[in-house]
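*Asks:* Each chain, written out:
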Amino acid sequence: MDDLLSIQGDLGGLKQVLTYQDGVLTWKEGENTRSWQEEELETVKLHHYVGSLTINAKLKDGQELVLLRGSQGLARQYQMFAQTINNRLQGKDDRAYAKEVADRCPKCQRYYADPARPICLRCLDRRSLSKRVLGLAPPYLRQIALMILLMLASSLVGLISPFLGGRIFFDEVLDSAGRYAGRIGQVVLAMFLAQLVTLFLSIWQGRVNSRVSARIVFDLKTQVFTAMQRLSLKFYNNQQTGSLMTRVNNDATHLQAFFHDGLPFFIVNSMRLVGIVAVLLAMDWQLALYVLIPVPLIVLGTAKLHPLLWRLYTRRFRALSRLNAVVNDSLGGVRVVKAFGTEHEEIQRFSRNNQRVFAVNREVGQMSSTVFPALSYLMSLGALVIWGVGGSRVLWGDLTFGTLITFTGYLGMLYGPLDFMTRIVDWWSSSMNSAQRIFEVIDSNELLWTPEPGEIVPMPRVKGSIAAQDVTFGYEEGKPVLEDISFTVEPGEMIGIVGRSGAGKSTLINLISRLYDPTAGIIFLDGVDLRYVDQKDLRRQVGMVLQDTFLFRGTVFENIAYGRTDASYEEVVQAARIANAHDFITKLPDGYETVLGQRNVDLSGGEKQRISIARVILHDPEILILDEATASIDTETEQLVQEALERLVRGRTTFAIAHRLSTLRQADRLFVLDRGKLVEVGSHQELLKKRGIYYKLFTTQRDALSHIGVAG
Amino acid sequence: MADVQFLDAKSVRLRTTAGGLVSLGLGDTFFPKVDLHLAFPFSDPERFISVREPEGDEIGLIRHIQELDPLSQEAVRKELRWRYYTPRIQRIISYKEEFGHTYWEVETDRGVHTFVTRGRDQTVRSISERRTLIIDVSGNRYEIADLEDLDVRSREYLATLL
Numbered sequence: 001m002d003d004l005l006s007i008q009g010d011l012g013g014l015k016q017v018l019t020y021q022d023g024v025l026t027w028k029e030g031e032n033t034r035s036w037q038e039e040e041l042e043t044v045k046l047h048h049y050v051g052s053l054t055i056n057a058k059l060k061d062g063q064e065l066v067l068l069r070g071s072q073g074l075a076r077q078y079q080m081f082a083q084t085i086n087n088r089l090q091g092k093d094d095r096a097y098a099k100e101v102a103d104r105c106p107k108c109q110r111y112y113a114d115p116a117r118p119i120c121l122r123c124l125d126r127r128s129l130s131k132r133v134l135g136l137a138p139p140y141l142r143q144i145a146l147m148i149l150l151m152l153a154s155s156l157v158g159l160i161s162p163f164l165g166g167r168i169f170f171d172e173v174l175d176s177a178g179r180y181a182g183r184i185g186q187v188v189l190a191m192f193l194a195q196l197v198t199l200f201l202s203i204w205q206g207r208v209n210s211r212v213s214a215r216i217v218f219d220l221k222t223q224v225f226t227a228m229q230r231l232s233l234k235f236y237n238n239q240q241t242g243s244l245m246t247r248v249n250n251d252a253t254h255l256q257a258f259f260h261d262g263l264p265f266f267i268v269n270s271m272r273l274v275g276i277v278a279v280l281l282a283m284d285w286q287l288a289l290y291v292l293i294p295v296p297l298i299v300l301g302t303a304k305l306h307p308l309l310w311r312l313y314t315r316r317f318r319a320l321s322r323l324n325a326v327v328n329d330s331l332g333g334v335r336v337v338k339a340f341g342t343e344h345e346e347i348q349r350f351s352r353n354n355q356r357v358f359a360v361n362r363e364v365g366q367m368s369s370t371v372f373p374a375l376s377y378l379m380s381l382g383a384l385v386i387w388g389v390g391g392s393r394v395l396w397g398d399l400t401f402g403t404l405i406t407f408t409g410y411l412g413m414l415y416g417p418l419d420f421m422t423r424i425v426d427w428w429s430s431s432m433n434s435a436q437r438i439f440e441v442i443d444s445n446e447l448l449w450t451p452e453p454g455e456i457v458p459m460p461r462v463k464g465s466i467a468a469q470d471v472t473f474g475y476e477e478g479k480p481v482l483e484d485i486s487f488t489v490e491p492g493e494m495i496g497i498v499g500r501s502g503a504g505k506s507t508l509i510n511l512i513s514r515l516y517d518p519t520a521g522i523i524f525l526d527g528v529d530l531r532y533v534d535q536k537d538l539r540r541q542v543g544m545v546l547q548d549t550f551l552f553r554g555t556v557f558e559n560i561a562y563g564r565t566d567a568s569y570e571e572v573v574q575a576a577r578i579a580n581a582h583d584f585i586t587k588l589p590d591g592y593e594t595v596l597g598q599r600n601v602d603l604s605g606g607e608k609q610r611i612s613i614a615r616v617i618l619h620d621p622e623i624l625i626l627d628e629a630t631a632s633i634d635t636e637t638e639q640l641v642q643e644a645l646e647r648l649v650r651g652r653t654t655f656a657i658a659h660r661l662s663t664l665r666q667a668d669r670l671f672v673l674d675r676g677k678l679v680e681v682g683s684h685q686e687l688l689k690k691r692g693i694y695y696k697l698f699t700t701q702r703d704a705l706s707h708i709g710v711a712g
Numbered sequence: 001m002a003d004v005q006f007l008d009a010k011s012v013r014l015r016t017t018a019g020g021l022v023s024l025g026l027g028d029t030f031f032p033k034v035d036l037h038l039a040f041p042f043s044d045p046e047r048f049i050s051v052r053e054p055e056g057d058e059i060g061l062i063r064h065i066q067e068l069d070p071l072s073q074e075a076v077r078k079e080l081r082w083r084y085y086t087p088r089i090q091r092i093i094s095y096k097e098e099f100g101h102t103y104w105e106v107e108t109d110r111g112v113h114t115f116v117t118r119g120r121d122q123t124v125r126s127i128s129e130r131r132t133l134i135i136d137v138s139g140n141r142y143e144i145a146d147l148e149d150l151d152v153r154s155r156e157y158l159a160t161l162l
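Chains as they are written, first to last, in the numbering used here: chain A, 1 to 712; chain B, 1 to 162.
Keep in mind that a hint or two might mislead.
Unchecked claim - Computed beta-carbon distance windows for the label pairs:
#1 A:470 to B:46: 42 to 52 Å
#2 B:152 to A:320: 20 to 30 Å
#3 B:152 to A:449: 49 to 59 Å
#4 A:149 to B:148: 51 to 61 Å
#5 B:66 to A:358: 40 to 50 Å
#6 A:345 to B:152: 30 to 40 Å
#7 B:97 to A:449: 49 to 59 Å
#8 B:46 to A:320: 33 to 43 Å
#9 B:53 to A:705: 24 to 34 Å
#10 A:372 to B:148: 27 to 37 Å
#11 A:331 to B:42: 24 to 34 Å
#12 B:128 to A:455: 51 to 61 Å
#13 A:602 to B:30: 22 to 32 Å
Note that these hints are calculated values from the structure, not bench results.
Quick reminder that beta carbons are idealized off the backbone N, C-alpha and C, glycines included.
Work out the full structure: start from the sequences and follow the hints.
*Replies:* Next comes the structure, spelled out in structure tokens:
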């Protein structure tokens, strides 16, 4: 007997269950059941709606039924279910899909917040996370030990000052019966020295601290960037992780702030607190208890007020960033604004958002100018209690005047650390959150699948034949972009890939160049499964010219020699010549040493494209990919680029995507994609004769072009 | 080709099929399965309904749902209710923000829902001054018809997400 597979609907209070076992699909809702034998079923498919999912069954008799409706979090589960059944219907091995879908935390049984990211944030071992954050420290242990020592010292010295200025000064110096009666100069000198030592210690500690925390964050950022480079494109295309990336920088800074300010102050402040309370208790425990009376009030007050303020600050932050977005928008789109004459509307849009910022700012201002004075008032109440109780005890003679002064001195030192302590918990948890996101990138395994080291096939030289066998691929679960693609391409052949936008053309070349792996099926390079080919060899032998050329900051020379740092002047200039780039490069004021990416150097689209062609020529790949390489180029330079491309294509296996079908005339064969399927294959002439999709595409385009007076 | 193709409401017969899908009879032509898409899902969900062949071309636009015969209206409403499944939040029972995620429990017109949103960006979308959508980690949507109906604390919290 097979395992029982089961999924449930979770929408609108419907208690529907769908099960599959031993070739029978059963639907249940309360008392109602229906079931279908394997022989009756054609396919079972997941459909994405806007706010929900459905699982539909297509029967052999042509009927289609909605079986189940669920919320979108169930996509993965539903897809696995549908896939397993379909595989069985087609007699395919389904073991790959039989694995359990982990959609909830094994510890607490709660569903994961994000099914694509199986981390239970509740059960996440925070101790190990903290340990890991602190684990960044060991290389600097000596400095950290020094830091803590310095803090300890400065706290101790800091504790002496009120004592000197209070009890010693009033009771021992000013009192004629005191031990140091009349020796004002010495005590003031001692106080001066204590302050000087404190100053010296805190400068030293601050400098050590800056060095260590900056160093830790430097290491962290390097680790993150290295990890990012290692990740596959899939990681970057996942929108949610995409926003993760942009936050990483902020997160690292956030962590630095914690290391720099949070942690040291935590240590200092807790030592101070303990120290002060201990000294106070030792001096006079009764009075000390009075001092502590307002403490719970203050802690409670700050704890209550803090979320309030925090909410306001968040709102201000968001209003501000929206305002910035508006400014960016209208400055970036200034040409559109001018062309449509919409300056006035833009000003209104700005002032609407500015109004919001103003409103929040006012609220923040009013709130903080109410709250903080009230808090300090609360603190001063504590001092009043001391003056009152302590003062009367001084009158009765059971407390010295110096002790009273010392107490008030310590009182002032007590509330700063207290205030800090109420905030440290928040600070700590938000820092751990930052750390968590950073580690997520570092630990991410969004990598291309890698074979065992022994299975990797080195291919230093390839012939360039490419084949696909039943290749299916989708960027998201259950949304295939390519379906069952199979073909064989001989070395040196040029293939034009055509089809309407969204047909899957770019996706196909992403698979051929192994930016992604197929969801099902295999791509072969010279008969070897692409996934087993040594990545380095593969990258060396696949070259790409894309529509949006990307030139890095650096000189023209560096850009052409990108990936070939060993290239000589001769090689680079030769490549530039073949790419029809040499002429315009030598005309630039700084020739090959012109720095790109600076304002005064403005290359045209065609010029940039020729630099990127030169880059590929120097790279000398066996397999070439041209993705709309001439799309964003004016007709005049197009000829130069086209000429360069023709030279480049010669003798290389080439896959070219072009919207303008006429640019694919020299292709040996054309692949026509339609809605993710390879529907027609053949030469231009053959396909025209066929009068199929290609014929339609070609004639519509020719007519459209001749209509606007451009020769097709 | 360039003109918008409106369907002649009199010849449109949209029906819910036995299998729970929507079929379209258009004069003499019959489509066993059509998809319905709203052009203005938020501001006017009753107008400009695009009727399309599954994964295919648009058959035409329905100008307004009320032009249709009662059975078609019923079929369309029923289908759209599922396709654009958006529970309407009546009360926020609780929310808890923890480690960058917010865990919600809400009372809606379709029962109690619990869901999770991540972060602050793209979590809440304001449709008009008072109407708001909350979008959870999987892309499910929840609508708040009028922010004023919520209690002050929830409203203030939502304001920080906007």
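*Asks:* Could you run down the list of hints and mark each one as holding or not?
*Replies:* Against the structure, the hints come out as follows:
1. For the pair residue 470 of chain A and residue 46 of chain B, the supplied restraint of 42 to 52 Å holds, since their beta-carbon distance comes to about 45 Å.
2. Our hint of 20 to 30 Å for residue 152 of chain B and residue 320 of chain A holds, since their Cβ atoms are close to 24 Å apart.
3. Between residue 152 of chain B and residue 449 of chain A the beta carbon distance is about 52 Å. The supplied range of 49 to 59 Å therefore holds.
4. Under the hint 51 to 61 Å, the C-beta atoms of residue 149 of chain A and residue 148 of chain B, about 58 Å apart, fit the expected range.
5. Here the CB-CB span from residue 66 of chain B to residue 358 of chain A is close to 44 Å, well matched to the stated 40 to 50 Å.
6. For the hinted restraint 30 to 40 Å between residue 345 of chain A and residue 152 of chain B, the CB-CB distance of approximately 34 Å keeps it satisfied.
7. The given range of 49 to 59 Å is broken by residue 97 of chain B and residue 449 of chain A, whose C-beta atoms sit roughly 36 Å from each other.
8. Restraint check, residue 46 of chain B to residue 320 of chain A: a C-beta distance of roughly 38 Å satisfies the suggested window 33 to 43 Å.
9. Between residue 53 of chain B and residue 705 of chain A the Cβ separation comes to about 29 Å, which falls inside the hinted range of 24 to 34 Å.
10. Here the CB-CB span from residue 372 of chain A to residue 148 of chain B is close to 32 Å, well matched to the stated 27 to 37 Å.
11. For residue 331 of chain A and residue 42 of chain B, the hinted distance range of 24 to 34 Å is satisfied, since their beta carbons lie about 29 Å from each other.
12. As the Cβ distance of residue 128 of chain B to residue 455 of chain A is approximately 58 Å, the hint placing it in 51 to 61 Å holds.
13. Checking the proposed 22 to 32 Å range against residue 602 of chain A and residue 30 of chain B shows it is violated: the Cβ atoms sit about 59 Å from each other.
Figure legend: structure checked against the earlier numbered hints; hints not met, in rising order: 7, 13.
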